[in-house]
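Visitor: Sequence:
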Amino acid sequence: MAAKLKKGDKVVVLAGKDKGKQGEITAVMPKDNKAIVDGVNIAIRHTRQSQTSQGGRVAKAMPIDLSNLALLDKNGKATRVGFRVEGDQKVRFAKTTGDVI
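Numbering (full-length UniProt numbering), first residue to last: 1 to 101.
I should point out that these hints are in silico values taken from the structure, not numbers from a laboratory. Be a bit skeptical, because a hint or two may be false.
[To be verified] Pairs of lysine-lysine, BS3-like flavour, derived with a Cα cap of 27 angstroms: (1) K95 - K4; (2) K90 - K17; (3) K31 - K60; (4) K17 - K6; (5) K90 - K19; (6) K19 - K4.
All figures in this text were calculated on a predicted structure; none of them were measured in a lab.
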């Protein structure tokens, strides 16, 4: 099945501790049904110092479930994603405005 959310999409968080926050998807894990979004679901990880890195407390974006994310349309509102065929291509479109993504 085609992915409704892809890398580079602007999304808003619908549920959880970061509800209402917006960000861009940096990675999608379809097998786990999760995505990593910048500035959302941040956890502190303690890392040991090495020759290349300083070490200490490092903020890291953790995966968030795709069901808790919604795409932002051109008006900046959360929207669902639909699919339709235009010509010979299958395209994603925003359900609120009907615009092709």
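Visitor: Against which earlier hints does the structure fall short, listed by number upward?
Guide: 2 and 5
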